[in-house]
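**Q** For the protein sequence lines, the chains are G and F, in the order given.
Residues in the first sequence are numbered consecutively from 1, following full-length UniProt numbering.
Residues in the second sequence are numbered consecutively from 1, following full-length UniProt numbering.
A portion of the hints provided could be inaccurate.
No more than 25 Å apart at the CA atoms, straight line, and that leaves these computed lysine-lysine pairs for BS3-like [what the hints assert, rightly or not]:
{"no.": "1", "chain 1": "G", "residue 1": "Lys89", "chain 2": "F", "residue 2": "Lys284"}
{"no.": "2", "chain 1": "G", "residue 1": "Lys89", "chain 2": "F", "residue 2": "Lys131"}
{"no.": "3", "chain 1": "G", "residue 1": "Lys169", "chain 2": "F", "residue 2": "Lys130"}
{"no.": "4", "chain 1": "F", "residue 1": "Lys130", "chain 2": "G", "residue 2": "Lys89"}
{"no.": "5", "chain 1": "F", "residue 1": "Lys336", "chain 2": "F", "residue 2": "Lys167"}
{"no.": "6", "chain 1": "F", "residue 1": "Lys236", "chain 2": "F", "residue 2": "Lys161"}
{"no.": "7", "chain 1": "F", "residue 1": "Lys127", "chain 2": "G", "residue 2": "Lys125"}
{"no.": "8", "chain 1": "G", "residue 1": "Lys277", "chain 2": "F", "residue 2": "Lys307"}
{"no.": "9", "chain 1": "F", "residue 1": "Lys131", "chain 2": "G", "residue 2": "Lys169"}
{"no.": "10", "chain 1": "F", "residue 1": "Lys300", "chain 2": "G", "residue 2": "Lys89"}
{"no.": "11", "chain 1": "F", "residue 1": "Lys127", "chain 2": "G", "residue 2": "Lys89"}
{"no.": "12", "chain 1": "G", "residue 1": "Lys125", "chain 2": "F", "residue 2": "Lys236"}
{"no.": "13", "chain 1": "G", "residue 1": "Lys89", "chain 2": "F", "residue 2": "Lys167"}
{"no.": "14", "chain 1": "F", "residue 1": "Lys307", "chain 2": "G", "residue 2": "Lys125"}
{"no.": "15", "chain 1": "F", "residue 1": "Lys127", "chain 2": "G", "residue 2": "Lys169"}
Just so you know, these hints were derived from the structure itself, not from any lab.
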Amino acid sequence: MLRRAVLQTFRQGLAQSFFKRNAVSLSETTVTHQPIETSNEADEKSVSKQKPGDESGNTVVVAPPEFRFMYPEFLPDPAMERRNRLKEKLERIDMLQRRSVVEIPEFYTGSVMAVTVADANSPNKFARFVGICIQRGGSGLRAWFILRNVVDKQGVEILYEMYCPLIQKIEVLRLERRLDESLLYLRDALPEYSTFPLDMEPERRLNNSVVPINPLKVKLRPRPWLERWERQNLQGVEDLNLPQRFYDKAEKVAKPWEKYDLMLQYRKTIPAEEQEKIFADVHSQLQQQEFKRKIRRQHSALNDSHMVRVGRDANPNQTRISGSIVPSCMLSSAGDMTFRLETYHY
Amino acid sequence: MSTLGLLRTLFNPKIVTPNAIQLQSLNRSPFLVGLFFNHEQVRTMSRVKRRTTHPPYWHVLKNNQRQDEKISSDNLRFVREVIQDKYKNKSPIKGSDLDIEKKEWDPKTKRSGVIARNIGVQHMWEKDGKKVVCTVLHVLDNHVIRYVPPEEYAKSIIGAKVFRNRKPLGCLVVGAEAANPDRFTRQYCSLFNEVGLLPKKRLARFIVTPNAVLPPCTPLTAGHFVVGQAVDVYGKTIDYGFQGVVKRWGFKGGPASHGATKFHRRGGTIGTGRDKARVWPGQKMPGHMGSERRFCRGLKIVRINMKYNVIYVKGTVPGPTNSIVQIFDTVLPRRKFTEAPPHPTYFPPEDGTLPQEDIWDSSLHVFGSPSISV
């Protein structure tokens, strides 16, 4: 009985965003949109969902429905001809192994991120790039995302494979979502909408439970464009101001019946029961990793506060620090600390 | 002989008989090619039927042809009990049970192969960060069904063809994927009566030298192979069905616009008017594409998972995902074994110690290890 109730809440979460696999588009759902909760909230929620026992006496753990949006690459490619449960299971094990080494944080299209990659041609052997995530895709170990920025008036986009071992660090500097799933229109927008300072600091959010949706409407440059944006129902773009013939042609070419095509949506998504199984499988390990990282961050915060105490007593120009050496990569990037310290490597 | 035939005999070093295939000995100087040889014929396999929808005539009928029998639930339960009783006593052979004396491995030994299922493709990375596409092959529950000694095999039709000019070798029949005997005919199940195993869905033959023979009922697992070795994978390619000339043979077709009338993906001309005045055999035309036997040779094994019986092989194999393939040690001379592999096959250690679960090649980056820094 309880399990059915739990399943129902899970499925409600799915039903609300039924027509979009990855995240909700506000215009399409008729149900009031519930904000997506972050991992902190999700952890507490998951704890509450663990009921003492069911008929057989076993504890049943159900992952929160938000996992579908936080970790979309754990869901396999829905094409039925190429699915195999054993292979997906093995791939998930490998993904979790990689995640135990590198923190791959929760992010969405529209978040500003910084990625550090090992690069033989760089002076420090590491290359760091900051950009806004304009698209993400792939499933399993092939998952990727594209970061875009404008550097010296030149637009630059880099596609990163999330599980590539060359990636040293992925930081989310600003966690937010936009009104669209794919921000490819930024290529035709004014450059200020894609420009982010390369030394941008991670922003700390006051309200950790909800991922904010940035309702920004972007101004596009005058035509010609790379794609026919008027045909794509973009929410995050200002009025395109095109002659009426463009909109007429867009209507002619549009497929409004697709949102009623249940079989099409069914073939594009993984069924709810399978999603539950997959995320229940993966849930406990992800929780453990998150917990370990929190502890590590707290330790590093303690270390740094210890160093501040030493620094105040000693000569401020002195560069020596007693106590534990904390490498700079262990400084938290997700905004847990209220101040940044310079640390020195030995 | 025609004019062209005469000219060919004049310009060729050796005299050509009417029925011979005359490709290799042609004088291909540009002057002659432009003047006389305006058509090359490909007759090697054009008359051989490459695929059939029916099995060979010596196969027994496999799948049960009976319609739904109206059988009561009690009787159904009884049938299941009978099946369980019949097959429950069989235990797989351990290394010490091999009654054939353990023969030494030598470089000319041919070991048995293994039947596996291609379960998909996974991306892995090498230690320098280079991405590598690996095919995941799941070794099914293989058991040796029977051994056909060389003298007997050489007398069979296939054996006679294979060993026409060489010393005959033995043949191991291996089966994979046990299934409920209800779905097969009695004749097919009788193939497994000697062994006492549940009938298998797939059977395959592997040519082995007599010193690599395995007794019936021996299990074959992923441990049969060694990480870093090269294997050949045989499979049936993806069935594309009836395909046009552009996809099947890579023709360029015609222009998409500029007034082209109904000529976008067609073949164009199929012959000249003068020479031989007919369509030559082997002319490339639309037809059935795919579903053919192919071997991918020399693929390197980069990872073996002993717990799930899975092999990761660098590269791709013939056939779609979830299709059955056969894997055996490579025939390529430079990539063969230099030191002894598990011979005749791998047996788990008898003292109960579990083998290492996940074995990686030294060139691959293991996922749990720290990120690569160049």
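**Q** Looking at the structure, which of the earlier hints fail to hold?
**A** 1, 12, 13 and 14
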